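Going down the list, the protein sequences come from chains L and G. Okay, so the first sequence: first residue is 1 according to the numbering used here, each after it adds one. Okay, so the second sequence: first residue is 1 according to the numbering used here, each after it adds one.
Hint data in this document are derived by calculation from the structure and do not stem from the laboratory. Among the hints, a few may not be true.
On the chain L side, residues computed to face chain G include the following (Cβ under 8 Å) [what the hints assert, rightly or not]:
1. T44
2. A326
3. A327
Computed from a predicted model, the values in this text were never measured in an experiment. Ideal Cβ placement from N, Cα and C applies to all residues, glycine included.
Here is how the chains run, residue by residue.
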Amino acid sequence: MITRRMDGLLDVEAAAELCALVDSAGPGSDPLLIDLSECTGFETVALAMLVQALMEARNRGADVTTTGAQAELASRIESLTRDAADYRKPAKPGGFRHGMIQIGEKVDSMLMTLKGLAVFASGTFRAVARIRTNPRLLRVRQTLYYMEQAGVDAVPIIAILCWLLGVVLGFQAGYQLKNFAAETFMPDLIAYSMTWEIGPLLAAVMVAGRSGSAFAAELGTMKVRQETDALTVMGMDIWSYLVTPKMLALMVVMPFLVLLADFFGLLGGLLIGGWYLDMPAHVYISRLALVVIPMDIWWGMLKSLVYAVIISNVGCYMGMRVRGGAAEVGRATTSAVVTSIFLVIVADAIISLIFVFIRPTVTV
Amino acid sequence: MSAGGVLMETVRLTGGYEGRKVLDNVSMKVHMGEILVIVGRSGCGKSTLMNHLLGLVKPWSGEVLFEGADIWSDSAALARARRRWGVLFQSGALLGSLTLIENVMLPLEEFTDLSPAFRMSVAMDSLGKVGLDRFADAYPLEVSGGMQKRAGLARAMSLDPDVLFFDEPSAGLDPVTSAGLDDLILTINRLSGTTMVIVTHELPSIFAISDRVVMLDSSTHGIIAEGTAEQLRDSNDDDRVEAFFRRRAPGDDGGQDVS
């Protein structure tokens, strides 16, 4: 039998030495006895390391034992051994029933979110209505600030993206239409897709990503730091202070961002028309003038107002319902972007259907 | 707890933020096993000193020695030292997405090879020491501020650190909870001999737990007094020290005796 005596404090270094010895013990090796009678104290982690090594060695069939442990040490060894033996990995829920419950909960949560959002948006509209009776509630400075943040600062990214998209769309349309010698219709395709759908939708997606998330993070952080409570107890109308400036700012800038998106998208088509299809600029432009009617442009701008209402309300709502800490703010930001884009696309589908029915047919 | 040799030391430490000097030539020692309390009025540089000690904010000049190695010139020494430190931040700094037991298990997962069963057992033991074993599965937001601090302490203690740092442990706590935390700090120090460095300006806590007190002042950007809390209160000629320990405005003859 090999006997190893442990003197003094059982710290991590001492435990590591003992563990190495215990780990070397196997089924056929000499019995190992660890004498803890001179052990004056122990660190919890060190003792856990030793007990873990002892249990693993015993499971391998090694003959390892401890002796001489004083009352507190012996009791801790016993409790560690018992805890380890009793430990059961937390069961991961699974199965069909659990899956169905989860789907139900998700749907329920989504419906509750939509309901909450509707109530919140009604509050926003009431706050806007209050501005009519009390113009002081119109926070001009804040509105201008958010107009700059959401509008002016978004110009470069929207311009570049839409231009690139115009180039890609023009190239792909030209590539297909060439097969039918119909490349002269490329401007029609670019014009309709940019002004009806891509321009407004891309602007909305960019604004949701940039500003909707920023609104959620700003209000979420304010909630966490109790700033919104402070405003409330000061008797301020937090809707008109925090929410309506954001919504009004988006409603002002979004139509212009859509106009910008349309313009740069068409510019991208112009470039690819000249480069890939040898289409002179004046041909491309005159074709646009033939197929695009003013309604195509202003309808896109008009529906961007709906998007502005959706993005600002969703962003603010997600921020205002934050409870807790930093992780919640992150979740609110993600939810704001995902929900905004989802609702924007739903709204777009409805508005586009209406548009198809009311737009006069253009015969060229 | 009787103090042993020098465990940690600052040597002519000068530092601050963005060109604003907060500490100037601060030299002090932390002895093994003692409870050193760093005190001073708001803005005197207590937290800055703590940040330099913890290796969070680089000092402009000077050294922070842990067992003789400068943590600011040797990143390996800082990494080694951090394995042997535990820190309780002012807010508890628990991760909100994890339960209390998961918070306490975090350093065990990161720095030990213990299996989940043993990690759980050690973490429960740590939580038991601070009286929170019944709340192991609660999230930080579901427990009170005092409980969050105790859970933060359990996390700080989970790797049996040689030094425990506390940043304003009593901040935001009611007197009873605060006294309970003081008792806990004393018990841990007495039972395990863990060295403790505590930043606070709570007079009752200072008198209850400190072995030695270092007082900083913004007028000199450095240490203006050092000794036991009673020495600083009763036998110090410096008006700033007396004002602090008698809890009165400087130059005022009145004040309260807090001990």
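Hint-by-hint comparison with the structure:
1. T44: At about 5 Å, which falls below the 8 Å cut-off, the nearest Cβ of chain G leaves the hint on T44/L intact, so it holds.
2. A326: Nearest chain G Cβ about 7 Å off; hint holds.
3. A327: holds, 4 Å
Figure legend: structure checked against the earlier numbered hints; every hint is met.
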